[in-house]
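Residue numbers (this note's numbering), protein chains in the order written: chain A, 1 to 201; chain B, 1001 to 1201; chain C, 2001 to 2201; chain D, 3001 to 3201.
Keep in mind the hints are simulated off the structure, nothing from the lab. Since this is a predicted model, take the numbers as computed values, not measurements. Be aware that one or more of the hints could be misleading.
Simulated pairs of lysine-lysine, DSS-like, Cα-Cα distance not exceeding 25 angstroms [as the list claims (entries may be wrong)]:
1. C:K2193 / D:K3048
2. C:K2201 / D:K3141
3. C:K2201 / D:K3134
4. A:K193 / B:K1141
5. A:K48 / D:K3165
6. B:K1048 / B:K1161
7. C:K2134 / D:K3135
8. D:K3118 / C:K2134
9. C:K2201 / D:K3048
10. B:K1045 / C:K2134
11. A:K193 / B:K1103
12. B:K1045 / A:K201
13. B:K1048 / C:K2193
14. A:K161 / B:K1141
15. D:K3165 / D:K3134
16. D:K3165 / D:K3127
17. D:K3063 / C:K2201
18. A:K46 / A:K103
Protein chains: 4
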Amino acid sequence: MNPIETLSEIFAHFPGIGPRQAKRFVYYLLSRDRNTVESFIEAVKKLKAETLQCTECKRYFNKSGSQMPICPICADDNRDNSLLMIVPRDADFEAVERAGSYKGYYFILGGSLPILEKEPERRIRIKELMAKVKKNQDSIKEIILAMNANAEGENTEIFIKETLKDAGIPFSTLGRGLSTGSELEYADPDTLKNALLHRTK
Amino acid sequence: MNPIETLSEIFAHFPGIGPRQAKRFVYYLLSRDRNTVESFIEAVKKLKAETLQCTECKRYFNKSGSQMPICPICADDNRDNSLLMIVPRDADFEAVERAGSYKGYYFILGGSLPILEKEPERRIRIKELMAKVKKNQDSIKEIILAMNANAEGENTEIFIKETLKDAGIPFSTLGRGLSTGSELEYADPDTLKNALLHRTK
Amino acid sequence: MNPIETLSEIFAHFPGIGPRQAKRFVYYLLSRDRNTVESFIEAVKKLKAETLQCTECKRYFNKSGSQMPICPICADDNRDNSLLMIVPRDADFEAVERAGSYKGYYFILGGSLPILEKEPERRIRIKELMAKVKKNQDSIKEIILAMNANAEGENTEIFIKETLKDAGIPFSTLGRGLSTGSELEYADPDTLKNALLHRTK
Amino acid sequence: MNPIETLSEIFAHFPGIGPRQAKRFVYYLLSRDRNTVESFIEAVKKLKAETLQCTECKRYFNKSGSQMPICPICADDNRDNSLLMIVPRDADFEAVERAGSYKGYYFILGGSLPILEKEPERRIRIKELMAKVKKNQDSIKEIILAMNANAEGENTEIFIKETLKDAGIPFSTLGRGLSTGSELEYADPDTLKNALLHRTK
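Pulled out of the complex, with its shape left as it was, chain A reads as follows (with noise of 0.2 angstroms):
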């Protein structure tokens, strides 16, 4: 296989990338000088130098001189740590910090689970979350299971809940009601009864 198809079968594995977008992104890279497909490697080879998985809660963070692997939010002390948020990935945590009314930590789950997965833990960071909860088990009040609000969401809140059973604490989970923009006519009646419950007065 040459270069050409070599790389963009890399790329056709990037997610949301297909075939032919795969093959615009080699053509992308062969137009460009020298130098930017250069700073384009380095930045990849500094992503794995400089990047470090937090041991506490799963997330990627750059590391900046320091070689504790622990991120500066599970290393900040000022946080509730009787709260405990799961998301399924790095993306989640970013929009719910962005969001900026969270104050306890989180944990990210690595994905979540389709209906009738038979490999939970491959897909999944069960053992980790296990470990995570089984030490901090005396602080910890709330679990809260910010998952997607699909049926694989759905899904990954049964196994926690199911796998967690025995750490004796209480699980949350989002709460339902209208996102922004949505439209009463094309609400579903969970969304509605749910937002109706949570009103605000």
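Given chain A, work out where chains B, C and D should sit, using these hints.
For chains B, C and D alone, coordinates are given in the frame of chain A:
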């Protein structure tokens, strides 16, 4: 203008219909036999003849023999008269009623207010709403503003609150949160804050 | 069934309309005043009363006083009677006539044939087409099969060619090539081959 | 700027990629093991090292050992040297070559010209094209302008015709007609006129 064009133009004013689809409707009717078209005309006539607009909530309902211009919901004494929910349109009323958990009364506003609308009373039934609230001022303890979760909905909320403030009845709005199907990563900060605030334990 | 539902069901059979939009049409009519609805009923009545189906090409046209069941195009002796173009629907006829370069006669087939259709004569006017071709066998020198460029169109072409083969008149099909707006990269091999073959010098 | 953000910004310049998907690419790479990322870096390096730009047609090709900067198609004496097809990009060349019926030579323009572009020579390889045409002036009998069927494509055609007019070689453009999948009703007049003109008998 010939009848094909006349009717096309009428259909082109139907909600969501452009000139091409309007033309298709006309050819569709032309290709039906005489009976089908007569049933259609009959159904339109009956619609006007047998449907009443409820004098209480302004929604359209089938009068089914009775001449009483009050719909079955407004006529039902077993509903909770301390709650009045204001919805934009008949279809929104249907969605809430289908969800099944609301037991109060309704008022159909007839639409919503675009930002900077100069003649609100031409867009929505604000005078009828004021009269309705005044008439039931003693029983209503909460006005639920069930608007769409978009700019027009919020604008309508502000306008109604301002217009009805002298009635001294508390307002509530539907809870924001994750609609079914929505993903954390794409949720806006407001939705996430509310989803966190209204988390279900 | 009440009139709201009866009429919703009729609208739900209109081309491209689902149950929700059908309901919206009904509420739209309910919210119009009496005059508007009566104009609508009147327009539907007139459509049937003042529109004739041309006995020659089967298209619908406004009879405008005359009782002659032949449309202005079929009645026009200045057109080229050696050409007969077969199009699926009235809207396709209109598109070709708008393009302005065709000077022959038309036949409106009334639809197209899905693959494996068991009763072709219920879908398309194949018998009427056979009669038309037989009647004009001496003058017609070319039958242009102007079908949509998709599987149903090709299936219809094959069926017509087979059915009319005994007439001994040559068939032609519309040229394939790049439609306005299409991009080389996404064009299929057939389209590209034809675009190359029919290149304009 | 930390490496996650640096690389996100680079990915955000890839064709068709916005900031969110760029971030996803970074997290995707972070979640891969060391080997996968090294293979990726290796493939990018090889791409530059083992791919040459053909000095004749300007397309990128795998040099596979040879140091000759001429691609296999330009080096193939059996192709028809009376035809030169100008295509916007490498992917367009691939589409035409896949279609299989063209046997002449190619020139990759490197893009197309937006209306009112002030510096055409920065957008497309117009100077290289002029040199190529001059060099082969005696053999080329037809220049096929295989541009996309849109405004930019037409603008590019006009520009090339004007620029190369002194060469005295006739131009042709790809035939317009119905692309696979297109429907008569939605076809523009130009497409229909051409489809009629180039009908296949």
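Hint check results:
Proposed proximity of C:K2193 and D:K3048 is contradicted: the alpha carbons are some 33 angstroms apart, above 25 angstroms. About 12 angstroms separates the Cα atoms of C:K2201 and D:K3141, which keeps this hinted pair within 25 angstroms; it holds. The straight-line distance between the Cα atoms of C:K2201 and D:K3134 is roughly 21 angstroms, inside the 25 angstroms bound, and the hint therefore holds. Under the criterion of a C-alpha separation no larger than 25 angstroms, the hint pairing A:K193 with B:K1141 is consistent with the structure, at around 20 angstroms.
Distance check on the hinted pair: A:K48 and D:K3165 sit about 54 angstroms apart at the alpha-carbon level, beyond 25 angstroms; violated. A hinted pair counts as satisfied when its Cα atoms are at most 25 angstroms apart, and B:K1048 with B:K1161 does not qualify at roughly 34 angstroms. Proposed proximity of C:K2134 and D:K3135 is contradicted: the alpha carbons are some 60 angstroms apart, above 25 angstroms. Distance restraint check for D:K3118 and C:K2134: the Cα-Cα separation of roughly 61 angstroms exceeds the 25 angstroms cut-off, and the hinted pair is therefore not satisfied.
For the hint pairing C:K2201 with D:K3048, the CA-to-CA distance comes to about 39 angstroms; that exceeds 25 angstroms, so the pair is violated. For a cut-off of 25 angstroms, the pair hint linking B:K1045 to C:K2134 is broken: about 45 angstroms separates their Cα positions. For the given pair, A:K193 sits about 12 angstroms from B:K1103 by alpha-carbon distance, which is consistent with the 25 angstroms threshold. The hinted pair formed by B:K1045 and A:K201 fails the criterion: a straight-line CA distance of about 44 angstroms is larger than 25 angstroms.
For the proposed pair B:K1048 and C:K2193, the alpha carbon gap of about 58 angstroms is over 25 angstroms, so the pair is violated. Straight-line distance between C-alpha atoms of A:K161 and B:K1141 comes to about 39 angstroms, which puts the hinted pair past the 25 angstroms bound. For the hint linking D:K3165 to D:K3134, the alpha-carbon distance of about 12 angstroms falls within 25 angstroms, and the restraint holds. A hinted pair counts as satisfied when its Cα atoms are at most 25 angstroms apart, and D:K3165 with D:K3127 qualifies at roughly 14 angstroms.
With a C-alpha separation of about 36 angstroms, the suggested pair D:K3063 and C:K2201 falls outside the 25 angstroms cut-off, and the hint is violated. Taking the CA atoms of A:K46 and A:K103, the gap is about 31 angstroms. The hint is violated against a cut of 25 angstroms.
Hint compliance for this structure: hints 1, 5, 6, 7, 8, 9, 10, 12, 13, 14, 17 and 18 are broken, all remaining hints hold.
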